[in-house]
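The listed protein sequences derive, respectively, from chains P and C. All residue numbers for the first sequence refer to the working numbering, where the first residue is 1 and numbers rise by one. All residue numbers for the second sequence refer to the working numbering, where the first residue is 1 and numbers rise by one.
By construction, these hints were calculated from the structure, which means they are not laboratory data. You can take every hint at face value.
Heads up, simulated DSS-like pairs for lysine-lysine below, C-alpha to C-alpha not over 25 Å straight-line:
| id | chain 1 | residue 1 | chain 2 | residue 2 |
| --- | --- | --- | --- | --- |
| 1 | C | 331 | P | 428 |
| 2 | C | 339 | P | 153 |
| 3 | P | 437 | C | 331 |
| 4 | P | 437 | C | 339 |
| 5 | P | 428 | P | 398 |
| 6 | P | 18 | P | 306 |
| 7 | P | 18 | P | 238 |
| 8 | C | 73 | P | 428 |
| 9 | P | 215 | P | 196 |
| 10 | C | 339 | P | 150 |
| 11 | P | 196 | P | 150 |
| 12 | P | 437 | P | 398 |
| 13 | C | 331 | P | 398 |
| 14 | P | 398 | C | 72 |
| 15 | P | 238 | P | 215 |
| 16 | P | 238 | C | 236 |
| 17 | P | 238 | C | 339 |
| 18 | P | 398 | C | 73 |
| 19 | C | 236 | P | 428 |
Treat the numbers as computed from the prediction; the structure is a model and nothing was measured.
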Amino acid sequence: MRIKSFSGGIHPHARKEKTASLPIESAFPSSRMVWIPVTQGGAQNSVLVQVGDTVSRGQIIAESEAAMSVPVHASVAGVVRKIELHLVAGNLDSPCVCIESDGTDRTDFMGALDPFTCTREEALARVRAAGIVGMGGAAFPSYVKLNPPKGAKIDYLIANGAECEPYLTIDACTMRESAGKVVDGLAIAMRIADAKEGIIALEDDKADIVPIIEKAIAELHAVPIGPGACAMSVVLCKAKYPEGGEKTLIEAILGRQVPSGGIPAACGCVVQNVGTLKAISEAFREGKPLIDRPLTVSGGACATPKNIEVPIGTLVGDLIPAPIALTSGVAKIVSGGPMMGVAMMSADFPVQKNTSGVLFLTARETVLSDETPCIGCGFCMGACSYRLSPVLIVRALKGDNLAEATRCGLMDCVECGACGYACPARIKFIEHFRVGKQLVRAERQRAQAREAAAKDSSGANRTGDAIIPGNETFSRKGDL
Amino acid sequence: MAEPDGNDIYLSTSPHIAQPLATPLIMRIVVLCLLPIAAFGVWLYGLPALVTLIVSVASTVIFESLFRLAIKKDVRAGDFSAVITGLLLALVLPPTTPPWMTALGAFFAVVVAKEFFGGLGANVFNPALSGRAFLFVSFSKPLTTWIAPRAVDAVSSASTLAQAYTPDAVTSATPLSYIKPAEGAVMTASDIASKLGLSSDHELYRRMFLGLRAGSIGESAIFLILIFGAILVATKIIDWRAPVAMVATAVAVTWIAGIDPVLTLLSGGLLFGAVFMATDYATSPVTPWGRLLFGAGAGLITALVRLYGGYPESVMFSILIMNAVTPFLNKIIPRMYGKVSRVRKGESPK
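Please put together the full structure from these sequences, using the hints given.
Below is the structure:
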């Protein structure tokens with residue numbers, strides 16, 4: 001099998017060995033409470049339940065009519081105790097529904113639905129109703145991804161099992177333990193997106209999983225109707241960061257590039273994380289919404305690195321000291337992987353649909369130093385697999401030259417962090433870029449407002465009001 | 001709500017890990033690569049070379065620290081950047097440069113060329129070369145006075161170590177001074193060899209490759225420059241583009257003019273400048289094409305001066321001139337992902 005790759009990128013220590021071969025254990029919060037964020041990807045939801053309500057596993061507790069919205073379900077059976085703000089990933093206080101488990105396993109799932117006999121619209125509605133969002137980290141609504149804009153023809157549905165973030169092993173474990181569900185989910189996704197071919201992409205350090213997936217594909221093909229009729233193959237990619245980024249993965253596997261500012265569908269591809277595909281399979285075959293989340297808990301200050309599956313809304317702190325034990329010397333708590341994850345102020349935050357891992361890092365393994373002067377080494381240029389010019393963007397931003405920053409690729413940055421990893425001066429590129437992007441968007445909005453005002457000049461006293469912070473806030477970061 | 005007890009939790013944007021090569025470590029590695037070359041220079045040219053090296057490094061570190069104290073900024077001697085500047089300056093000076101002159105050059109290098117422009121990473125011109133250029137235009141005689149290297153071949157016959165060095169340290173001609181076409185006539189390697197009293201052109205090549213010639217402290221040890229240049233390229237601390245483009249252009253252009261390419265490669269400061277000066281982070285471009293053009297430009301200027309210029313050598317000026325062009329070369333950015341024309345239809349995975 002030829003190993004696919006892309007240009008640039010970095011080679012961080014994988015540090016996956018501690019958890020790579022461990023099974024996924026089920027875990028439950030010690031407090032028997034879950035704090036389920038009301039919105040987890042997509043547009044803002046409103047809460048459907050009230051304090052005191054009794055809910056079942058799988059019951060919808062928050063929803064919205066808005067476009068790009070995805071419902072959220074109760075992950076335990078029990079009683080709603082509180083609906084209030086709670087710390088969530090990103091260090092924000094966000095509305096959460098607190099449910100206390102009553103210890104039962106009462107469920108309220110949807111009925112099973114055959115994805116190959118229902119209409120495409122019914123299938124899309126099911127993916128949405130099951131609350132499925134990208135589980136690789138981006139939390140982008142899956143039904144939107146599976147429903148590409150009119151005119152876009154989807155050639156390939158790519159199952160993203162690259163898992164290029166160091167430490168994280170949950171996608172690998174999901175593929176190893178539930179290969180059947182992953183390939184079934186891929187078949188379903190291919191059916192919905194009308195893709196000709198399915199590709200399951202792995203990094204070559206997970207080559208041992210290839211036969212497992214090939215066996216699952218063979219079992220699927222044994223009955224050549226429905227999912228068995230879907231053309232699928234496994235592809236190995238070089239273990240390199242950010243191999244699992246949508247754009248880099250597409251370039252590595254197919255040699256295609258997603259047009260700047262466009263979505264993968266524009267080059268005939270849809271990419272879904274393998275965990276997401278498993279969830280899609282369960283949504284149809286079992287009627288189960290996305291309420292349980294497998295994740296890797298690891299890091300140098302974690303005494304018990306493992307892969308666990310918890311009800312969504314489980315506070316990480318409620319898993320300590322059992323089943324997760326920590327050693328002293330925790331310097332950073334990261335929700336997600338070390339490259340794109342968020343450093344949290346405490347472990348008191350809930351696991352969400354897109355929480356692929358939680359890391360407890362020691363001072364030795366993380367970076368605590370401040371920015372030092374840029375020495376102009378250009379390491380960031382070689383690290384950027386999107387061929388942007390990180391150092392020149394930062395220089396342009398420091399000189400308030402937004403046009404030059406944009407020319408050097410500011411708005412094309414997916415914030416994978418490879419430049420920051422490569423930087424010997426420890427420049428906080430992502431921090432600069434986020435500020436820069438906001439400035440550029442504000443500038444564009446002002447320009448639009450001016451245009452609108454110019455067009456609208458006949459209207460008497462109207463000023464350029466109601467420029468809603470545009471859809472650009474949905475710019476996707478990509479599953480890594 | 002078990003909290004990790006007694007821990008200071010840090011917040012920052014991603015990424016949360018970084019490669020181990022931080023700035024101070026890179027600087028130390030470069031210093032380690034320069035030290036053998038400096039040691040060889042001392043072996044070759046004796047005590048004067050050692051004095052020049054020590055004075056230069058001490059001066060750059062002290063002047064940089066004093067200046068930063070004076071402007072109430074943090075002292076950065078710990079990052080070893082000033083040490084590199086001091087080493088580089090000494091290595092491109094003649095061994096017999098008077099110590100006060102070396103110190104003055106060091107002052108110009110770190111204070112005028114580097115700190116006045118904002119310090120580490122913000123300088124426009126290569127500090128070491130700026131220091132040398134300042135000395136060169138101010139005191140051109142001592143800056144073009146060379147001593148003959150240790151008479152290696154004579155060591156066995158001339159018994160004492162002291163005698164191994166040419167005793168009177170006469171001004172010695174460098175091979176480079178014969179390269180320039182005199183009245184249109186280009187000398188062959190054999191001609192130069194005989195003029196220098198060597199048996200054959202192969203003997204000339206051998207001596208030049210091993211650094212057994214008059215020259216600046218660090219420029220003559222071609223084999224060491226190649227070894228440590230290769231190490232720095234292999235470890236990706238320096239990029240191959242600028243040095244390769246510079247050497248290739250200089251050799252190609254002078255070759256067209258009839259000069260022996262091997263001689264071009266081995267003589268003067270071409271290789272040292274290409275490996276250690278054209279790759280200076282702050283003063284050379286960061287973009288791939290920028291680096292190629294930077295090297296090519298420096299190589300072209302070097303070749304033209306060697307052929308037609310008033311000085312025998314101008315690696316120094318060629319790199320300083322290209323330093324000035326660097327901000328413009330940085331405009332040539334790579335073609336970004338996704339900035340291509342539409343996707344070709346019916347493409348299949350390879």
